[in-house]
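Just so you know, the sequences run in chain order L and P.
The working numbering puts the first sequence at residues 1 to 153.
The working numbering puts the second sequence at residues 1 to 525.
Calculated from the structure, these hints are not laboratory results.
A portion of the hints provided could be inaccurate.
Ranges between beta-carbon positions, derived for each pair [claimed, not checked]: (1) E9/P / R144/L: 48 to 58 Å; (2) E417/P / R144/L: 56 to 66 Å; (3) S35/P / E64/L: 27 to 37 Å.
In silico contact screen, one side only, chain L against chain P (beta carbon under 7 Å); selected entries [claimed, not checked]: (4) V82; (5) L83; (6) F99; (7) L100; (8) N101.
Ideal Cβ placement from N, Cα and C applies to all residues, glycine included.
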Amino acid sequence: MSAQNQHSPHVILRVVSKILIPLIALFALYVHFHGDYGPGGGFQAGVIFASAIILYALIFGLDEAKRAVPPSWVRICMSLGVLVYGGTGVATWMLGGQFLNFTVFAPESTHASGQHWGIFAVELGVLFAVTGAMVAIFYAFGSRVPELRDEDW
Amino acid sequence: MQIMSLFPEWILSHGAASIVVVPLLLAVITALNPSAKLAWATVLGVTALCVFTALGLLLQVMSYGPIHYNMGGWAPPLGIGYYIDGLNAPLLLLISVVAFLCTLYALPSVIAEVEPKKRGPFYAAFLISLAGLLGMVTTADAFNVFVFLEVSSISTYVLVAMGASRDRRALSSSFNYLIMGSIGATFFVIGIGFLYMQTGTLNMMDMARLLQEIGPGDRVVQLAFAFIVIGLGLKLAMFPLHMWLPGAYAYAPSFFTAFLAATATKAALYLLLRFTFTVFDPSWDYIATAVMILLAGMGIAGMVAASLQAIFQNDIRRVLAYSSVAQVGYMLLGIGMATTLGLTAGYLHMINHAIMKGALFIAVGAFWYRFGITQVSDMRGLGKTMPWTMAGFTIAGISLIGVPGTVGFVSKLILVEAAAENGWWWAIGVIVATSILAIIYVGRMIEKAYFKPVPQINDRPVLRNEAPLAMLIPLWVLALASLVFGIQTEWLTSMAEAAAQVLSAGPNTDVPGGAYVLPKVTGGH
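Chain L with its partners taken away, still in its complex shape:
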């Protein structure tokens, strides 16, 4: 961090958010994987994960955030999410079941572990798609050039 930054009024915000951002991302993964046993899942986790990136953009600026998470990645992330979700369905087709019939992943299981694995894969897709979509929406609104610049008021 340069000398100028150290004296900027945002120094506390920067330091605190630098500590918090990895924790937020970690918490997102916790909410995601704990969705199997309690409240949580891909959608909530995706929003929390995206909020970590959005916090980074708010504190360090949009350009900095776009360097860390390029918009092209965001687009791939969104599409990948849908593909993981749909691909799970295609996999169940390949195994001879109906679309998204997860039982075919473990037909012999007595405690429905096929459903378990299926939901796991699908939720992973939701995580990718929601994270991507949230960040993409933020980038889209954040990148808008204001019609009137702030100094012109």
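Here the structure of chain L is known, so what remains is to put chain P in place on it, guided by the hints.
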């Protein structure tokens, strides 16, 4: 049946889901694909596969009866069921065929109208819109309908807005459509919410069964019906709710206008039919009244008012857009009669209108592609400068008027028969009068094209400049279809009759997963 052996068994047993899933997943891959050519090839392949699947499903429905498909193996009413019968199978084929023909036409048209960077995403959005429409038509789950309605609508707003590189007015039209479309979707989902509140189920057949138990006196169900009819009325451009339509049709990229005009309002009309006749009970008093007064009444009003407005437009696409509102009026009039013959007429006109309007909008796109023509007054001499395109336009145009030997005549004739059967003689008068109005607005364009001299540039007449083959083929397939099915009427009419049979049979309470017991409400109500 011999022809069924042409289709792989997998397509027949999983087609109900794959016809929606394949376009949706390939849309995502297309969105990542940087090459516009490759994206176009993907769309062509997907739409061809959809046509094949839809044909297989239609034949299967015709030979073995309705298809039930349980998503994820969960039987309705717990799971989401897909259901295909005589009412939606022809519509699936119609949407797929129109999408395929429009894709052929898209290759030159998109290059001319959409910026290079946006072409890949444009095709991706088109596939999402297609998947949404097919999903709306296939699903038997009321909330799933709403999801697909939004999937197709949101991608449609984007696609309409992409016309902005040709005409900036596309942006305001798209915004207008977004507001109106969102209000329509909101009303629809409020209606579904009320129905869910009263029945506790989202599966359409289960809902129909429980509504039979609840009976016609329930105020919440009445309110739900009102919300659903108005919501879908917005989506299908029922007369006073059609204000979004002319702008959206006039300024969208011409490839998408052709697709939109031929399919989007049809899918919404299908939902109106599905809900009014097979979920609610058309024999209930308020539904019978709403069908007769609201649908037929608004249909008549739309036929007259929109036809008159079409006459006074100068933009070709606005003329055709107002004519679309008028044609929706014919369909609603047929449905409003609520007899088997009336429903046959309405359904048949829905299919026929898609064929005619698809051809007309494709031809209009070709006029713009070669000469930049958008105004009726600029159509002078098109009969000489673009003879094949103009001939296709003319065939579809006279079909729109309802000249004998074309599809437009077949459905109007059945509509007149149905009106006579009901003793609605005034309706016959209106049908004839609006057909005369159609002669004026179509004739105005044909007269300019054939009887006005070719315009002069630098004292020399404009040379002949025919549309490329990729535009002529889909145009002529649709134009010939409107001639062939106008003479060989048996095939389309029998399909429409089968659909009308489904509707006349009343509420469909055939829940595949077995009946679901209405949870008992305890305490205050």
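Quiz item: Does V82/L pass the interface check with chain P, least Cβ-Cβ distance below 7 Å?
Solution: Check passed: Cβ of V82/L comes within 5 Å of chain P, closer than 7 Å.
Self-check item: Status of the given 48 to 58 Å range, CB of R144/L versus CB of E9/P
Solution: holds, 52 Å
Exercise. Hold the hint about L100/L up to the distance rule: shortest CB distance to chain P must be less than 7 Å.
Key: holds, 4 Å
Exercise. Classify the hint on F99/L as holds or violated, based on whether any CB of chain P lies nearer than 7 Å to its CB.
Key: With a minimum Cβ separation of about 4 Å from chain P (threshold 7 Å), the hint on F99/L holds.
Quiz prompt | Per-residue hint verdict: N101/L, partner chain P, C-beta under 7 Å | solution = Status holds, d = 4 Å.
Quiz prompt | Range hint compliance [Cβ, S35/P to E64/L, 27 to 37 Å] | solution = For E64/L against S35/P, whose Cβ atoms are near 32 Å apart, the range 27 to 37 Å holds.
Quiz item: If you take the shortest Cβ to Cβ gap from L83/L to chain P, is it below 7 Å?
Solution: Constraint on L83/L satisfied, holds at 6 Å.
Quiz item: Cβ-Cβ distance between E417/P and R144/L: within 56 to 66 Å?
Solution: Holds: the Cβ-Cβ distance is about 57 Å, inside 56 to 66 Å.
The earlier numbered hints are all upheld by this structure, with none contradicted.
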